[in-house]
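K.L.:
Spelled out, the chains give:
Number of protein chains: 4
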Amino acid sequence: MNRPLIIGIMGGGDANENDVQDAYTLGTLIAKQGWVLLNGGRNTGVMAASAKGASDLDGLTIGILPGNTPRHASEHIRIPIVTGIGNARNCINVLSSDVVVACPGGMGTLSEIALALKCRKPVILLNYEKEKRFEPFQQEGLLSYADSPQEAIDGILAFISGKT
Amino acid sequence: MNRPLIIGIMGGGDANENDVQDAYTLGTLIAKQGWVLLNGGRNTGVMAASAKGASDLDGLTIGILPGNTPRHASEHIRIPIVTGIGNARNCINVLSSDVVVACPGGMGTLSEIALALKCRKPVILLNYEKEKRFEPFQQEGLLSYADSPQEAIDGILAFISGKT
Amino acid sequence: MNRPLIIGIMGGGDANENDVQDAYTLGTLIAKQGWVLLNGGRNTGVMAASAKGASDLDGLTIGILPGNTPRHASEHIRIPIVTGIGNARNCINVLSSDVVVACPGGMGTLSEIALALKCRKPVILLNYEKEKRFEPFQQEGLLSYADSPQEAIDGILAFISGKT
Amino acid sequence: MNRPLIIGIMGGGDANENDVQDAYTLGTLIAKQGWVLLNGGRNTGVMAASAKGASDLDGLTIGILPGNTPRHASEHIRIPIVTGIGNARNCINVLSSDVVVACPGGMGTLSEIALALKCRKPVILLNYEKEKRFEPFQQEGLLSYADSPQEAIDGILAFISGKT
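In order, the protein sequence lines correspond to chains F, D, R and S. Position one of the first sequence corresponds to residue 1 (the numbering used here), numbered consecutively onward. Position one of the second sequence corresponds to residue 1 (the numbering used here), numbered consecutively onward. Position one of the third sequence corresponds to residue 1 (the numbering used here), numbered consecutively onward. Position one of the fourth sequence corresponds to residue 1 (the numbering used here), numbered consecutively onward.
Among the clues, some could well be false.
Pairs involving identical chains hold if they fit within one copy or between any two copies, as the list cannot separate such chains.
What the hints assert, rightly or not - Heads up, simulated BS3-like pairs for lysine-lysine below, C-alpha to C-alpha not over 25 Å straight-line:
| # | residue 1 | residue 2 |
| --- | --- | --- |
| 1 | Lys32 | Lys130 |
| 2 | Lys52 | Lys130 |
| 3 | Lys32 | Lys132 |
| 4 | Lys118 | Lys32 |
| 5 | Lys52 | Lys132 |
| 6 | Lys130 | Lys118 |
| 7 | Lys32 | Lys52 |
| 8 | Lys132 | Lys118 |
Don't read these hints as lab results, they were simulated from the structure. Keep in mind that this is a model prediction, so the values were computed, not measured.
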């Protein structure tokens, strides 16, 4: 079996209108590519919007939930993975993703960016200011910046072709 | 979205021929129902056989892996969830399943049966001798026994209709 | 540094009077030996009683809590480890123990016995009926039975000397 | 029982000489206060140095280990908590600490700072440049900066008295 690429979308549960719109668009573009979308699964912010985007185009959506029940999952998550391990599930989000795209978010999202890089996962920062801290990862080609959902897709494609 | 039912198949990584055959058949029957098969994901025993069964009939298969990479997943697992949390992932196996079917196995499988019952998940024991310890759960309808894969499917259907 | 032995006491949050009394006595005997007592940390049943026993004799007590706060720890737990990972913390209970003593309990305790044996930790079953399922582990010397707290201590001493 | 304060020391496994020296000094100062030192437990960098500092002054040291065995713990860790959950143990590090002090480090340390703030734990950044991202937390008194181990201790004391 050739497995589909799994793209992890991280980002704030509490997101502004622009971030929500970009997350939705990103979800649609991921589905168009035939990739699987994975996120934190909750019914809010970047999680809900990206899942809706992918789901609207019949993409498969996986939600890695922090709690003990699928009840709080977005309705656009087709496969809720119920972890019961709280924020420790952030590690699973990044380990299960082939590429991680971080939309703007708070400390949870920052923890996922950091964990992804620690685990040597490719990371794309969408709508982020460049940061000195991440320069070494950028230089070795593990991290890149994108200013639009389409640029994030281009970044994913660049990572994949770079591995081939 | 109406989510598909997720059936968790637990069972030994080290399984005899009969258990492997039953796990394969169980996987095919789950796929025929349109359900999603979830298991521990590794490429051995009941895990590999049940994933192959479901996959051969184009069922969706999810593997909750203990390690840090999808490399050790069965090739019949379409969506590997890479947890990196070792045996602690057994909790995720049961929490993410709507119904748990336990095939014969060792201490890992026993821990999953116990955790499932603790989390109030319906459990079907396939090819198990009846046990006094589980009687209270049987009496309240949370646990049942099956002597064949088809009986396990019947048990799942009974649990679902009981919830309706 | 020579580390003190860490003895994990598993057992029901909901325990009868005799089990609570034995858990308390077991705690006192562990402290008398200069060992560290580790358990699930909650303020109930075998956990609370064994922590009180050890604490009354100035033994060090560690509680591995399932939730996000130390507030629900027994007051006799000196070091609450706050995991936030729910029942998945059962794995930590057994991995962190040099020897596991299981008092009577429910499915949570059964999961800990199973996980301990899977992780090759010595297990002593206090006030348990002998079980066919555990015979192979008994035969290889990984599991033993005790009918009193003092017998459990003797069992721990036997395991330790066996390793020397 | 009045529990001792638990101070979590985060920081790089790969640390320079100055950071190692400061981590050692910080460990001694924590022990002098009668506090418990908690860290990631491994025998390297800030973890090993801070544990040695506390241990040299007979302070209690707890190590939250990522792997399945206490074998890789620093010898200055008196109580190794063996989690087996890899980087997901970073959440336990911060949840189990009353105050978190971050020494310089890499992505693992950054994930712990982020998780600590997400979990509303007080954080002191030792030898860090001020960062715009953390300003809101600084303004509400949840995060502060220190330029020496003694200043970190002063920061801890300020947090504690602020809670009283």
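K.L.:
Now tell me, hint by hint, if it's right for this structure.
P.N.:
Right, here's what the structure says about each hint:
no. : hint            : verdict
1   : Lys32 / Lys130  : neither (28 Å within a copy, 42 Å between copies)
2   : Lys52 / Lys130  : neither (28 Å within a copy, 38 Å between copies)
3   : Lys32 / Lys132  : neither (34 Å within a copy, 37 Å between copies)
4   : Lys118 / Lys32  : neither (30 Å within a copy, 34 Å between copies)
5   : Lys52 / Lys132  : neither (34 Å within a copy, 32 Å between copies)
6   : Lys130 / Lys118 : both (19 Å within a copy, 23 Å between copies)
7   : Lys32 / Lys52   : within (13 Å within a copy, 28 Å between copies)
8   : Lys132 / Lys118 : both (17 Å within a copy, 23 Å between copies)
This entry does not satisfy hints 1, 2, 3, 4, 5, going by the numbered hints stated previously.
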